[in-house]
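From first to last, the protein sequence lines stand for chains E, V and Z. Going by our numbering, 130 is the number at position 130 of the first sequence; the sequence numbering is gapless. Going by our numbering, 60 is the number at position 60 of the second sequence; the sequence numbering is gapless. Going by our numbering, 58 is the number at position 58 of the third sequence; the sequence numbering is gapless.
Rather than coming from a laboratory, the hints here were simulated on the basis of the structure. A hint or two may mislead.
Derived DSBU-like pairs: lysine-lysine, alpha-carbon spacing no greater than 30 Å straight-line [to be verified]:
#, chain 1, residue 1, chain 2, residue 2
1, Z, K89, Z, K218
2, V, K172, V, K196
3, Z, K16, Z, K118
4, Z, K89, V, K196
5, V, K126, Z, K118
6, V, K126, V, K24
7, Z, K179, V, K24
8, Z, K118, Z, K179
9, Z, K218, V, K126
10, V, K172, V, K126
11, Z, K16, Z, K89
12, V, K172, Z, K118
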Amino acid sequence: MQTFLDQVWIARWPLWDGFLLTIEIAISAIVLGTVVGCICGIQLLFGPAISRLLFRLYVDVMRGTPVLVLILAAFYIPSVVGISLNATQAGILALSLFAGAHIGELLRGALQAIPPGQAEAARSIGLTFPQTLTYVLLPQALRSALPPWINTGVELIKGSSLLSIIGVGELLLKTQEVIGRTFMTIEFYIFAGLLYLAANISLDQLGKMIERRVQGR
Amino acid sequence: MENVQPLLEIRGLHKHFGSVEVLKGVDLTLRRGEVVSIIGSSGSGKTTLLRCVNLLEEFQDGDIVLDGETIGYSIVNGRRHRLRDRELSRQRSMTGMVFQSFNLFPHLTAAGNVMLGLRKVRRFGKEEARSIAERWLSRVGLASRSDHYPSQLSGGQQQRVAIARALAMDPKLVLLDEVTSALDPELVQEVLNTVKGIADDGATLLIVTHEMRFARDVSHRVVFMDQGQVVEDAPPAEIFGNSRSQRLAEFLRNTRT
Amino acid sequence: MGYTLQFGAIWASFDKLMSGLAIGLGLAIAAVAIGTCFGLLAAFASVGLSRIGRMIVTCYVMVIRNLPLLVLVLLVYFALPQAGIRLDKYESFIGALALYSGAYLTEVFRAGLTAVPKGVVEAARAIGLTRIQTNVFVTAPIMLRNALPSLGNTFIGMFKDSSIAAAIAIPELTFQARKINVDTFRVVETWIVASGLYIAACFAIASLLRRLERRFPKF
Ligand SMILES: Nc1ncnc2c1ncn2[C@@H]1O[C@H](COP(=O)(O)OP(=O)(O)OP(=O)(O)O)[C@@H](O)[C@H]1O
Ligand SMILES: [Mg+2]
């Protein structure tokens, strides 16, 4: 145990860097994914037929494909079609597209669950459609979409570990490097696992806190 | 007649939920073949009493003696102990219970509902259980519905299956808790007629009901409960005749209108 | 942007992709079968009488759901041998995915359990069934029917997660696709076909499940 703690101390900076990168990747992906997801969710429900079809296709492809396949595809494909992305950018791209589809779908569900009377009431007082969406529908939908949205964040933190496979130096890859040096396999995998656990549980608690806040109103 | 042992004897039954005392020393006796109705206002503890007799609720004091056997608890070194699950199950199977909300098993057919207890509790073979089930289903007028699932039956039919399910176990005593109050008005009579038929066959019934006319027609005795106590216990003619206690008179006045 | 699609090289190795798909399905079926046992036990324990049992289940679900599957897989595959438990890569992966799916299935079954009407359970007790008999003959069948749709979704999720077996060199679909990608440089085609196969398989499983659901109508 003593030697393990020593090794953790020796490896503290690489591990810390890896942990930070994991968090950065997850945050980037949730931000980009949320932007994509909002557009997607609204288009899925209110868009013109062609756009509904395209977004439906996007959502179904993303949801039917394993995240790892998305990551590998985002890693290998851009270079051959003349786009240069480094591994981290490719990983963020894949996770964002994945998150965008999930968030789009859950936002569509949340919007659809709002009783039709709400939109009618908004229209009856003279709000335009964008106003109805902004001031009446989205605020309600976002509230009920919050728990699954937080859950998507947890999935992204977990999914970011797959970027180790394409050589992104996030927490898991850094952990594997340390294991390669120290041969303390069990200890360091459990250590990494605890860090993931801590990050995800904090995120979960944050979500619960926000939920209580918005419920109070 | 006096020295014949009663079938059910409830003595000093006390029951509380947390700090709320719901039954405050209930005494009640049923002889074999007797039909007794319990009436009383909402919240007076009628359902709770039946659930105690069927051991679906624990109670804190008093005894319930069914056919000479004290049920639910044993006294060891002066302390009450709740009996073990297997023992409770055996004692429960001596009483049948029909619920207000039918509570049929949704994944089993009408016959399957009746057969489950016959097979797993009474340990009948499949064929025998089926023939008993068919007999009871036709007794309640549902011979042609034995392969229907509960969702394919009307409320009145479901409740009659529930009655068949309880009676097929050949219980010593059947408890019926407001068996018609979840039913549409036009379905009430078919279920009451079924209960009446069973009473005429000589079953021992303890019935909670809000149907005063039915209570008067079918029962040997009517018990009026109020605030967790038995206030009146007399033949229907007396209860519905010149009511003695103020509370009963008030209750009847409110329900008759 | 001078890339032209040529699927020829992919079709040449199509049988490898298909065998990879079969391996992935096999892994998912084995893992979910074991995970279902875990999930059932844990779900009943989580509504059971033992306080310690309930606590263990809560911890199990919380830990597993917040842990990346890849970490779990690596832990089982590389770390268990250090503790003297030697499993081959298939056993390791199935074990890890079973543990993983078990946590999700616990929640699926728990939700199914809480949707069993209380009165129906009481009716079973009232005719004298013991607690265990009530669970086996009444609660479990109703709960399983309630859980069927989510059970199917969990299976599809686990099938997609079987792609992570590529990380320990199990030759399933993703592993094969990556190999073809590197061997043939038909990058775009490879991943279109791989993704297409996953989507088709998910679609097929989903429609199979819908048929199953229709066979057992909702109560
Ligand atoms: N599980 C429980 N927990 C706490 N209190 C309960 C519970 N069940 C019943 N009670 C309380 O016990 C009292 C008696 O309830 P009970 O259901 O026995 O009345 P009842 O006479 O059957 O009424 P009703 O005619 O409305 O069916 C009520 O005040 C009720 O609120
Ligand atoms: Mg009642």
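Going down the list of hints, with the structure as the test:
1. Restraint check: the Cα-Cα separation between K89 of chain Z and K218 of chain Z comes to about 40 Å, which exceeds 30 Å; the hinted pair is violated.
2. A distance of roughly 17 Å separates the Cα atoms of K172 of chain V and K196 of chain V; the hinted pair therefore holds under the 30 Å criterion.
3. Between K16 of chain Z and K118 of chain Z the CA atoms are separated by roughly 52 Å; this puts the pair beyond 30 Å, and the hint is violated.
4. For a cut-off of 30 Å, the pair hint linking K89 of chain Z to K196 of chain V is broken: about 69 Å separates their Cα positions.
5. Among the hinted pairs, K126 of chain V with K118 of chain Z is consistent with the structure: their alpha-carbon atoms are about 27 Å apart, no more than 30 Å.
6. With a C-alpha separation of about 45 Å, the suggested pairing of K126 of chain V with K24 of chain V is violated against the 30 Å cut-off.
7. Of the pairs offered as hints, the one joining K179 of chain Z and K24 of chain V is violated, with about 79 Å between alpha carbons and a cut-off of 30 Å exceeded.
8. Proximity of K118 of chain Z to K179 of chain Z is assessed by CA-CA distance (about 54 Å); at most 30 Å being required, the pair is judged violated.
9. For the proposed pair K218 of chain Z and K126 of chain V, the alpha carbon gap of about 26 Å is at most 30 Å, so the pair holds.
10. Taking the CA atoms of K172 of chain V and K126 of chain V, the gap is near 23 Å; set against the 30 Å cutoff, the hint holds.
11. About 19 Å separates the Cα atoms of K16 of chain Z and K89 of chain Z, which keeps this hinted pair within 30 Å; it holds.
12. About 25 Å separates the Cα atoms of K172 of chain V and K118 of chain Z, which keeps this hinted pair within 30 Å; it holds.
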